[in-house]
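**Student:** Protein chains in written order, with our numbering: chain W, 72 to 584; chain D, 14 to 357; chain E, 443 to 736.
Treat the hints as calculated values from the structure; they're not laboratory data. Here the structure is a predicted model, which is why all the values come from computation and not from measurement. It is possible that some hints are incorrect.
What the hints assert, rightly or not - Incomplete in silico selection of chain E near chain W, CB under 10 Å:
id: 1; residue: N596
id: 2; residue: R624
id: 3; residue: E626
id: 4; residue: Q700
Even for Gly, the Cβ is constructed at its ideal location relative to N, Cα and C.
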Amino acid sequence: MRARMLLGGAAGITAVLLAGCSASPVDSASPDAQVNRDATIKVGVTNLQSSWDVAKTAGSLEVPIQKMVYDGLTGLDEKNNVIPSLAESWSTPDGGKTYDFALRAGVTFSNGDAFDATSAKATIDHYLTAPGSTVAGQLSNVQEVDIVSPTQLRFVQKQVDVSLPAVLSDRAGIMMDAKVIGAGDFTKPVGTGPFTLESAQPGVSITLSAQPKYWMPDAVRVAGVTITQIQDPVAMANAIRSGSVDMGIVGAAQAVDLKSAADILSTYPIKGRQLSGITWNPDLYKPLADQRVRDALNMAIDREGIVKGVFLGQGEAASQFRLDGLPGFSSTAKPISYDPEKAKKLLAEAGYADGLSFTFVAPVKFAKEAEAIQANWATIGVKIQVVNPPGSGPAEALWYKPSAAAGLWSFDGKNDLSNAYQQMLLPTAAYNPGKVVDPKVTDLIQQSAGTADPAARAKVFDQLAEITSTSTQANTPVAWVYQVVAYSKSLVGVKPWASGFPILTGVGVAASK
Amino acid sequence: MTPTTDLSVSPALREPKKQPTPAKRRIPVAGLLRSLGSRLLRSLLLFGAVTLTVFGLSALIPGDPAVSLAGEGATPESIAAIREQLGLSKPWFEQYFSWMNGVVHGDLGTSFFYHTPVSGLLMGRLPVTLSLALFAIIAAVLFGILAGMLAATRRGRLADKITTVLSTVGIATPNFWVGMILLILFSLNWRVFPAVGYTPITTNAVAWFMHLVLPGVALAAAAGAELQRQTRSSVSEILSQDYIRTARAQGLTRRRVLWQRALKNGAPPLATVVGLQAAVLLGGSVVVEKVFSIPGLGTLAIDSVTLKDLPVLQGVVLLNACFVIIINFATDIIYTVLNPKVRV
Amino acid sequence: MSVMAQSAVRKSPRRVNPNRFSARLKKQPIAMAGLVALCILATVALIAPWVTPYDPYAPDLNAVLLPPGSPGHLFGTDELGRDVASRLLIGGRVSLIAALQGTGIALVVGVPLGLVAGFFGAWIDKVIMFFTDAVMSFPALLLAMAIAGILGPNLTNAMVAIGLSTAPRAIRLVRGSVLSIREETYIEAARSIGTPSYQIVFRHIMPNVLAPLVVFAAILAGTVMLIEAGLSFIGLGVQPPEASWGAMLGSAFNYISQSPWLAVFPGVCIAISVLALNVLGDGVRDSIGKKVRR
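Given these sequences and hints, build the entire structure.
**Tutor:** Structural data, given as structure tokens:
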């Protein structure tokens with residue numbers, strides 16, 4: 072399982088920032104003279120990291136913070152392309168079963184140890200075998216890791232899967248020091264990343280200072296970073312507006328609101344990184360097993376209205392697992408049309424003219440969206456009882472100990488598209504608790520996993536999107552919800568980077584005039 | 014929660030008032046010690062009951078901590094492995110006794126989520142909430158007593174009317190609402206005080222104070238209002254009594270009578286109210302902490318519920334309950350010393 | 443609050459004369475204003491479902507966050523385009539019912555236990571008071587969270603939680619009143635001629651407990667409203683699409699600087715209701731006995 076479904080949980084919204092995940096040279100648009108190199112940047116995040124032992128972390132939300140101290144083998148760019156980081160290049164001699172990674176030479180950890188294949192193997196082995204490892208799932212297809220040479224690491228997979236480099240851009244590719252892993256004490260993290268940890272108070276804040284010998288020297292243009300946990304979206308907006316923090320991610324309502332402070336703040340939306348959608352579970356409510364019922368419910372959702380009303384325009388209607396404009400999105404597939412009248416007819420056809428009634432679970436951050444869906448469905452005679460349990464409650468109620476017939480989830484849209492389909496729609500998928508099956512879809516998904524050629528893959532994805540966007544499967548996308556980054560105008564070098572996290576690479580604080 | 018939502022009335026309040034005892038005011042030490050002893054024993058018993066309840070309640074809160082910890086992409090196997098690792102698959106009484114054994118030895122366990130000792134987490138958050146509660150109590154007492162005295166001595170006049178309206182409104186408004194309005198005005202619009210967070214006093218005393226002002230006032234509003242009303246009514250009741258009239262007839266000045274007699278006689282109920290409000294403020298700061306994003310015990314409690322971090326949740330609640338027990342105990346003692354008429 | 447109620451106990455005389463009581467109450471303009479306000483609120487709450495200008499649950503995603511005074515929406519619309527005026531009306535109904543539920547549960551649980559503890563004393567008193575103290579050692583919020591969590595999140599369960607966590611106050615109040623009159627000569631007399639306990643309780647003790655209890659209930663109802671607002675703020679109150687003033691306040695905070703009126707209206711409604719309950723409670727207390735009148 073290589074899922075990156077984020078359902079509430081430690082989740083909440085997303086952590087901001089990330090440094091050193093991109094090996095691309097720093098944009099030198101702002102000359103160095105304008106930057107105060109002694110300055111500290113204050114960043115607000117909704118959730119700090121839970122542990123510096125990556126094998127114990129709760130999810131991908133922690134990746135941006137982890138990657139300030141550690142580096143990953145690979146990274147992702149704004150188009151979801153996998154880019155080099157500690158691994159300079161990779162190749163597969165056998166079409167996707169074995170992968171060889173060429174590691175960057177001359178990189179050292181903050182304690183002086185050299186980064187090499189030994190450290191990399193120790194880290195991956197740690198993720199695979201540590202008791203209760205939460206990263207093992209991402210690497211479940213990895214058979215073994217071998218040291219070919221100090222700068223050459225080989226992954227042998229159980230079966231062909233071309234998504235390995237993408238997987239390694241997440242938690243599974245974060246590199247730790249072999250010595251630290253051996254000692255088992257992770258309170259003082261040792262990484263190759265752009266910053267080192269100065270102090271931390273769990274759940275409150277962490278203080279980082281710049282690592283002077285970072286392998287990508289131009290990446291760090293500040294003396295340090297203070298990251299403070301601010302969970303309430305209103306408090307986050309207030310903190311940014313009042314200058315308590317320089318940067319943070321806010322919700323739609325706050326984003327609209329902060330436009331009134333445009334003299335001191337800039338904002339930009341991260342677009343393809345938060346998808347909300349619905350899981351259907353016929354095991355808990357029989358009528359959902361009927362394709363017509365699912366389709367009726369699907370077409371009764373006013374997606375445009377939700378984007379406009381609930382997310383105040385800070386989002387897009389969704390019918391696929393990829394945002395329009397990103398690789399994998401099919402422009403030929405037609406979305407299901409919003410048609411309550413037809414939905415009513417379909418329900419009657421299926422024998423449910425009197426309506427339906429079931430429990431619907433939603434993470435707190437999508438409570439309003441759930442309310443809007445509830446009202447949409449009320450017009451076709453479907454009554455749902457909405458519950459918004461905190462934390463990982465929705466995930467538990469939907470998938471792990473199913474108690475809700477349907478519900479909203481959140482997906483970060485980051486992982487390989489074939490993986491996404493595997494997670495969501497295969498009959499054995501973790502997020503398909505009611506085992507909703509469409510043999511054609513299953514077939515296509517299996518085809519996509521084994522296809523390495525990008526053009527051939529795109530064709531398979533087109534076919535998949537055409538089927539799944541109109542015939543309602545186990546999981547249905549509803550809306551892409553932008554995460555709006557708001558930052559102080561005193562920051563320079565902030566790049567509107569669509570790929571998910573505003574990066575601190577190259578960000579500095581303007582020197583006072 | 015506003016301070017008016019208290020759950021903790023000091024036991025002193027529910028004792029029947031044995032009406033007038035002989036004028037002799039002497040504190041019998043032996044009796045005092047005996048009542049102190051029995052109250053101490055009672056407090057210890059309470060502590061025992063509280064630990065059991067804390068454990069039971071947190072175990073009943075729905076949701077599986079292992080699901081929360083296994084995170085994204087969890088499988089039934091990984092969830093089971095984590096359950097096993099955390100000791101959650103053992104029977105509840107075994108879990109209780111091993112937890113209790115730790116508590117008695119000062120070990121509150123290890124946080125499921127942060128993987129650090131709970132006691133360390135609590136010690137990190139305690140100064141924050143204590144600062145906030147102390148600030149609020151001092152603000153409430155200052156406002157409550159001064160405004161109450163003012164109102165009582167100037168009944169029906171403008172000062173009385175203004176303070177009474179203030180306190181009536183203070184009692185009737187939710188404290189987080191007061192906090193939000195203060196925040197919009199003083200922080201977002203006028204930028205006088207910081208909007209969120211907390212600075213330790215050891216880092217910067219001025220910043221510490223500035224961070225506490227808005228949440229402290231929001232938290233103090235209802236408590237101060239309550240104290241104002243209490244002071245106003247008890248002082249005016251005392252002022253109307255015979256011995257005060259006698260004292261005034263004897264030529265003592267009005268101010269002297271007021272401060273010496275009225276406040277002295279009004280002190281015991283006041284002490285009780287202060288103690289009661291202190292206990293409430295600790296538990297009641299949760300919502301205000303959320304509004305101002307203050308990393309105190311309240312925030313930790315909410316986080317631990319969200320994350321299903323049971324050891325932390327148990328630790329926070331236990332700490333809070335201990336505070337309430339101690340404050341009630343102290344209030345009882347103060348009450349007894351101030352007013353020897355009351356004996357258990 | 444309980445302190446105020448307590449002072450009512452201390453000051454309450456043996457019996458309350460209904461005629462003198464209402465005469466005194468009528469002489470207090472503020473208390474009367476509170477009573478009138480409450481009557482209006484209750485009436486509105488009763489007829490709310492039939493007088494709302496719009497369906498309070500029907501969103502109009504094309505008309506979200508309209509300011510007050512917009513055509514057709516006197517108080518504007520909320521974040522889902524629902525009519526704020528309609529939601530205030532229906533929300534008032536929910537809030538008042540919630541306050542009644544919470545207060546009712548506190549009294550139903552608290553009064554009998556308080557009577558038993560006060561009247562019989564001895565070990566049963568000790569046991570009841572011990573559990574009362576234990577319940578009071580917990581933050582109300584956590585208790586409410588736990589109970590709402592165990593029973594499932596909805597308004598009734600939240601009110602059960604609030605009722606149970608405020609019941610100790612009722613226990614203490616009733617017990618205190620009973621203790622203050624238990625040893626009176628007329629009760630001793632009744633006892634000595636063999637009047638059964640339940641008769642003593644209902645004929646002699648209850649009437650004396652009633653007056654302070656009314657004061658207490660009025661003030662507690664206000665407190666329950668405030669707790670409900672707090673619970674809703676952290677998402678434990680009514681479930682969507684249901685509205686209560688507290689829940690409206692809770693969701694309004696997301697739009698606080700952009701659309702502050704969303705928070706203003708329910709906030710003012712809560713304040714007025716709590717205020718009305720408080721002044722009425724004070725008025726009743728002041729009308730009970732001569733000592734309290736000033």
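**Student:** Would you mind marking each hint as holding or not holding in the structure?
**Tutor:** Structure-based check of all given hints:
1. N596: 9 Å, holds
2. R624: 47 Å, violated
3. E626: 52 Å, violated
4. Q700: Result: holds, 4 Å to nearest chain W Cβ.
Of the numbered hints listed earlier, those contradicted by the structure are 2 and 3.
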